Amino acid sequence: MKLHFTDEWLRSRIDNEPEVLFEIGPELEDAGLFLEVIRAHEAAAATSDRKAPSRERTFLGAFLAGLRQRDRCSAKQMAARLGVEESVVKQTETNSLFVPPQRLIERLASYVNTPVFAVQQLAARKVRTGGYENATGGGQNSASKKKRRKSSEEFDQLLNKKMS
Amino acid sequence: MSKESLGTVSLRNRRAGKYEHATLYRGFDERNIEHIEKHWLPQLKQAREAQRQRGIDDIREEVRDSHWHWPRKIREAGRDALLSEVFLLECGDMTQAAMIVHKGLVDYLSMHPEHPGRLLVYVDLLATAPWNRVSWDNPIYKGCGFTMLSTAISLSLDEGYNGRIALRSLPGAVSFYKEFGMTEIKEGIGDDGLRYFEVPASQARSVISRSPAEQGATT
Numbered sequence: 001m002k003l004h005f006t007d008e009w010l011r012s013r014i015d016n017e018p019e020v021l022f023e024i025g026p027e028l029e030d031a032g033l034f035l036e037v038i039r040a041h042e043a044a045a046a047t048s049d050r051k052a053p054s055r056e057r058t059f060l061g062a063f064l065a066g067l068r069q070r071d072r073c074s075a076k077q078m079a080a081r082l083g084v085e086e087s088v089v090k091q092t093e094t095n096s097l098f099v100p101p102q103r104l105i106e107r108l109a110s111y112v113n114t115p116v117f118a119v120q121q122l123a124a125r126k127v128r129t130g131g132y133e134n135a136t137g138g139g140q141n142s143a144s145k146k147k148r149r150k151s152s153e154e155f156d157q158l159l160n161k162k163m164s
Numbered sequence: 165m166s167k168e169s170l171g172t173v174s175l176r177n178r179r180a181g182k183y184e185h186a187t188l189y190r191g192f193d194e195r196n197i198e199h200i201e202k203h204w205l206p207q208l209k210q211a212r213e214a215q216r217q218r219g220i221d222d223i224r225e226e227v228r229d230s231h232w233h234w235p236r237k238i239r240e241a242g243r244d245a246l247l248s249e250v251f252l253l254e255c256g257d258m259t260q261a262a263m264i265v266h267k268g269l270v271d272y273l274s275m276h277p278e279h280p281g282r283l284l285v286y287v288d289l290l291a292t293a294p295w296n297r298v299s300w301d302n303p304i305y306k307g308c309g310f311t312m313l314s315t316a317i318s319l320s321l322d323e324g325y326n327g328r329i330a331l332r333s334l335p336g337a338v339s340f341y342k343e344f345g346m347t348e349i350k351e352g353i354g355d356d357g358l359r360y361f362e363v364p365a366s367q368a369r370s371v372i373s374r375s376p377a378e379q380g381a382t383t
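Protein chains in written order, with the working numbering: chain A, 1 to 164; chain B, 165 to 383.
With the rest of the complex left out, here is chain A (with noise of 0.2 Å):
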């Protein structure tokens, strides 16, 4: 890659530069922590014993399929807690072309406590979970299972410091 500019440019600019703040990036306090949980149950995943191809989604259906778990609940269970219909909670945690409708997102946002637009941060970004490159394969050892479920602890206490 080839730099446009010169160093004689670049430093007659910052001469004259104004001392003022440049940084850039949406608030993402709450997202910060979203992201965490995501991690964590992402982890869980990773130690399942389940040989699963990757699959994309987003990171709001990580994120439902977190709440789920944490909340120990079925599809079915979540959807009639935000009201919505079940095949949308399935949709959103499955399929990444599915585009959530607006009352999920203000539900769940409510459900969780937070800002809409931290919601809809989640929405936007994918992540890939599952994967042969994370399938252990072969039956359920007491060591993979003592692993998944440290990473379940952390997830929900991650998702318990979110929500305090």
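Each pair of labels, with its calculated beta carbon distance range:
(1) A:Asn113 with B:Gly357: 17 to 23 Å
(2) B:Gly256 with A:Ser96: 39 to 45 Å
(3) A:Lys76 with B:Arg369: 53 to 59 Å
(4) A:Asp71 with B:Asp257: 44 to 50 Å
Some residues of chain B that are not near chain A, with every Cβ distance over 10 Å (derived):
(5) Asp193
(6) Glu278
(7) Asp301
(8) Ile353
Not close to chain B: a few residues of chain A, all C-beta gaps over 12 Å, as computed:
(9) Ser74
(10) Lys76
(11) Ala79
(12) Glu86
(13) Asn95
(14) Tyr111
Hints were generated in silico from the structure; no laboratory data involved. Note that the structure is predicted; figures quoted are calculated from it, not measured. No residue lacks a Cβ here, since even glycine has one placed at the ideal position from N, Cα and C.
Once you have looked at the hints, place chain B on chain A.
Coordinates of chain B only, in the frame set by chain A:
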């Protein structure tokens, strides 16, 4: 992940009152992650705590990016070089600034009336080390912002987007982007209230070549 040196640029050491050589990198290595984790974030968190103790709840200024989870974001961006790029500026054996851009994604199309709907390079995150920030006590290096934005335009030129770049500005940085020569697109303002700026193709080369006096004449 590996990194490639794009060349040497100058940063002004405010304390010493002179320019120093910095190296601009495309990509990153674990050393950069370590710099951010062990040097940037603790200081940012410390600053935030200091603000809290002073009773300042609004963290919209200096310390807001302490929650950006830069190390993870950099790793994520590094996973798919076709879509995202990481650029780093090193000086004095330390990472001084970092930028993550997305290129050619349909999520980020130009809104500029000159070329609506065209692909561009979108600057997603840009931050300088805490000790370079203007409101820090006796900040060190100046010039990180201009260097990084000019690099984003260079990438856009190289990738065939004719220099088009876009970004959303935090409130405190609006004047900086105007000064840099970017055009604000009112329609681009987000639900979050962040203002949207673009460098159109027709201006890209001049933005990174014209003198401050010429810049002043056009803004």
